[in-house]
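Q: Can you make the complete structure from the sequences, with help from the hints?
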Amino acid sequence: MSQVSQTNLLRRMVFTAALAVTVVATAGCGGMEMDADYPGGGGGDGIYGAYGDYPSDAYVATTEPVYYGGYASYWYGGRWNYQNGGRWNHYDREPAGLYQRRMQGLSRRRTYESSHGRPGGHSTGRGGGRGGGHR
Amino acid sequence: MTSMAYRMGIVAAVLFGAGATVGCGGASAKVPPPATADRASPDDDDATAGLMEHHRHHHHGGVTLFIAMSLDTLGVSPEQQGAVEKIRSDLHAQMEPARAAEQNLVTTLADGLAAGNIDVAKVDAAIAQLTAAAAALHDKSADALNRLHSVLTPPQRAALVDKVAAHWAVWRKANAEETTPNTPDVGRLATLATDLGLTADQVDRIRAALVDGMKAVPRLDPREIGTHLGAFGDAFRNEQFDAMTLTTASGANAHLVGWGGAHMAHFIEAVSPVLTADQRASFAQRLRDHASHDPSAQANP
Numbered sequence: 001m002s003q004v005s006q007t008n009l010l011r012r013m014v015f016t017a018a019l020a021v022t023v024v025a026t027a028g029c030g031g032m033e034m035d036a037d038y039p040g041g042g043g044g045d046g047i048y049g050a051y052g053d054y055p056s057d058a059y060v061a062t063t064e065p066v067y068y069g070g071y072a073s074y075w076y077g078g079r080w081n082y083q084n085g086g087r088w089n090h091y092d093r094e095p096a097g098l099y100q101r102r103m104q105g106l107s108r109r110r111t112y113e114s115s116h117g118r119p120g121g122h123s124t125g126r127g128g129g130r131g132g133g134h135r
Numbered sequence: 001m002t003s004m005a006y007r008m009g010i011v012a013a014v015l016f017g018a019g020a021t022v023g024c025g026g027a028s029a030k031v032p033p034p035a036t037a038d039r040a041s042p043d044d045d046d047a048t049a050g051l052m053e054h055h056r057h058h059h060h061g062g063v064t065l066f067i068a069m070s071l072d073t074l075g076v077s078p079e080q081q082g083a084v085e086k087i088r089s090d091l092h093a094q095m096e097p098a099r100a101a102e103q104n105l106v107t108t109l110a111d112g113l114a115a116g117n118i119d120v121a122k123v124d125a126a127i128a129q130l131t132a133a134a135a136a137l138h139d140k141s142a143d144a145l146n147r148l149h150s151v152l153t154p155p156q157r158a159a160l161v162d163k164v165a166a167h168w169a170v171w172r173k174a175n176a177e178e179t180t181p182n183t184p185d186v187g188r189l190a191t192l193a194t195d196l197g198l199t200a201d202q203v204d205r206i207r208a209a210l211v212d213g214m215k216a217v218p219r220l221d222p223r224e225i226g227t228h229l230g231a232f233g234d235a236f237r238n239e240q241f242d243a244m245t246l247t248t249a250s251g252a253n254a255h256l257v258g259w260g261g262a263h264m265a266h267f268i269e270a271v272s273p274v275l276t277a278d279q280r281a282s283f284a285q286r287l288r289d290h291a292s293h294d295p296s297a298q299a300n301p
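Residue numbers (the numbering used here), protein chains in the order written: chain A, 1 to 135; chain B, 1 to 301.
Treat each hint with caution, since some may be false.
Some chain B residues close to chain A (C-beta under 7 Å, calculated; not the full set) [claimed, not checked]:
no., residue
1, Asp46
2, Glu53
3, His54
4, Thr73
5, Pro155
6, Lys163
7, Val170
8, Ala174
9, Ser296
10, Ala297
Treat the hints as calculated values from the structure; they're not laboratory data. Even glycine gets a Cβ: it sits at the ideal position worked out from N, Cα and C.
A: Spelled out as structure tokens, the structure:
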């Protein structure tokens, strides 16, 4: 094999490796865009909004938020919501960091009384995370 | 020239890869969210119902209790956990005199309800004792609040302020006056009707009694509580915080706790004559259960 051929082969290998890194890095962050699967992105299936667009007071009072971008975010109604200056906002597109936390199912809710009129300690459930359907 | 083109291609590919990796922080998720497991309304789910029930029966700490409860789901790091749990425990210890006073009030009401003869003078004395304990609470808890501020990050401080406001909103809903037929089905009377199997006639008679009975209860002034919550929120979000500068705290706690105790007492006094003996016994037992437990004081799992 000539020196020129060897050089060309080496260049092709490096170029192929660079492209492979690109593909893996892009897919690895879970970031290919499919907004229809994140209702906040505008392609929603309508699961938010039926009870109001943003978390209820009781939901905020009993649910552990996820801190992202300097705000406490609550998964509610199929999207991430956060308060800024007393007003609610939401992410139109799900940030990768919040997506990863949601997949880990880390959103915790606290129940103070066991049921209507029947005090009985407390329980801690997991809500809002993987199920993500409080609305 | 060919070599230069290849190098540019490689650099472009690598830069694209790096850019895509960094930029994906704001991109939407590739995998669809899991199927919704719980489609209940937030007004119907267990956590909401449990919180309403708690705020209906446990007033003793006032805003301090709201703060302590907000720590339950604030979301702190493992490094913060020990310090925050110690502060939470300290706050509950400082609320203990008020909790004991509330326990005395509820037990007095339960005894009178079961006997069909509520001792109003004894109840009024218990309310006064509870109110005094609540008024003294803020000064005792100021050091714990200052330590809490120093432990939390700015986003956590803001989240705590939002949670305290949320507790206040739920408390108001749970203790709304129910003197009209258009009261919500999650209110105190509706809950009691379900739990005791009240007839429609009983509900109507209780509602009529509430109209008269509640006239004796001084009106709740939500502005006083709101003013204090606003002052607390502004101060707690700041980089510097001193709880002792919150001059509205003691008055707000006394007002909220005193009104909560009086409202609960008058509700029970209005209900008692309408219930059967069995219903009174059942309701009294439920009150004793509430008096003997304090779920918000239990440590977080």
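Q: Now, for every hint given, state plainly whether the structure supports it.
A: Verification of the hints:
| no. | hint | result |
| --- | --- | --- |
| 1 | Asp46 | holds, 5 Å |
| 2 | Glu53 | holds, 4 Å |
| 3 | His54 | holds, 4 Å |
| 4 | Thr73 | holds, 4 Å |
| 5 | Pro155 | holds, 5 Å |
| 6 | Lys163 | holds, 6 Å |
| 7 | Val170 | holds, 5 Å |
| 8 | Ala174 | violated, 10 Å |
| 9 | Ser296 | holds, 6 Å |
| 10 | Ala297 | violated, 10 Å |
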